[in-house]
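Could you put the whole structure together from the sequences, leaning on the hints where they help?
At position 199 of the sequence shown (counting the first as 1) the number is 199 in the working numbering, and the numbers step up by one without a gap.
Simulated from the structure, these hints should not be mistaken for lab results.
For lysine-lysine, the following DSS-like pairs were computed, each having C-alpha atoms within a straight-line distance of at most 30 Å:
#1 K195 / K185
#2 K129 / K148
#3 K30 / K93
The following label-pair restraints were derived from C-beta to C-beta distances:
#4 K79 / K208: 39 to 47 Å
#5 L36 / E174: 43 to 51 Å
#6 R37 / L95: 16 to 24 Å
#7 E86 / E176: 33 to 41 Å
#8 D192 / K79: 37 to 45 Å
#9 S145 / D108: 35 to 43 Å
#10 K148 / Q92: 23 to 31 Å
#11 S151 / E173: 16 to 24 Å
#12 R213 / K148: 25 to 33 Å
#13 K164 / K82: 32 to 40 Å
Remember, it's a predicted structure, so these values are computed and weren't measured experimentally. Ideal Cβ positions, reconstructed from N, Cα and C, are used throughout, including at glycine.
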Amino acid sequence: MAKKKVGDNTKKIHLYDFDGTICEGDTTFKLYLFFLRKNPLIILWLPYQLLFLILRTFSLVSDTRVKEIFLVFLWNQYKVEKKIKEFSDNRQKYLFPKVLDKIKKDKDSGATLICISASPRLYIEEMCKGLGFDYIIATETKEGSYRKLASKNCRGPEKVIRLKQLLKDEGLEEAEIVSMISDSKFDKPLYDLAKEKYMVDEKGNITKGIPERVFNF
Numbered sequence: 001m002a003k004k005k006v007g008d009n010t011k012k013i014h015l016y017d018f019d020g021t022i023c024e025g026d027t028t029f030k031l032y033l034f035f036l037r038k039n040p041l042i043i044l045w046l047p048y049q050l051l052f053l054i055l056r057t058f059s060l061v062s063d064t065r066v067k068e069i070f071l072v073f074l075w076n077q078y079k080v081e082k083k084i085k086e087f088s089d090n091r092q093k094y095l096f097p098k099v100l101d102k103i104k105k106d107k108d109s110g111a112t113l114i115c116i117s118a119s120p121r122l123y124i125e126e127m128c129k130g131l132g133f134d135y136i137i138a139t140e141t142k143e144g145s146y147r148k149l150a151s152k153n154c155r156g157p158e159k160v161i162r163l164k165q166l167l168k169d170e171g172l173e174e175a176e177i178v179s180m181i182s183d184s185k186f187d188k189p190l191y192d193l194a195k196e197k198y199m200v201d202e203k204g205n206i207t208k209g210i211p212e213r214v215f216n217f
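Pasting the structure below:
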């Protein structure tokens with residue numbers, strides 16, 4: 001995204017997770033169900049996908065490889081782009097109102113807003129832009145082949161690595177990370193960087209602290 005001028009207020013940063021934090025549920029899984037309704041035949045990939053999920057449980061494959069296998073249903077780029085637009089438009093109604101209020105408040109303060117998500121950029125970017133985020137850090141897919149990843153799965157410690165690189169690239173290394181908000185304890189590496197810590201429950205309510213839930217894909 002375009003580089004943002006650093007002023008007194010923009011030296012304060014608010015970090016947001018996306019899935020289960022800004023938007024109800026896991027976006028990648030919701031996308032799969034959306035595509036399944038459009039083309040029930042993709043269910044034939046399910047045994048293959050489940051096999052790799054099991055292998056990940058025993059640390060026999062990487063998170064990145066598992067996500068790539070899960071996204072195998074995004075095989076036709078032309079049809080994928082049209083469907084993702086429809087999917088993203090539909091997901092707008094699942095945004096949590098209380099979190100949207102926090103985003104607006106943080107944005108109005110003049111601070112820099114960064115969304116960091118394990119979901120692929122291709123189906124969260126437009127929603128994040130519309131909400132006013134200055135930067136989006138997400139799992140990257142290869143141009144022309146959306147089922148192939150161009151980066152590591154942006155999950156757990158990888159989020160911190162990507163964030164630090166962004167701050168370096170944008171001249172924000174000295175900025176204060178005021179807050180972090182998520183629905184998953186797996187984001188603790190990001191929480192450790194933030195002064196204020198907030199969690200979101202399944203209904204979109206915000207409270208102070210770090211969540212106990214650990215689900216994160």
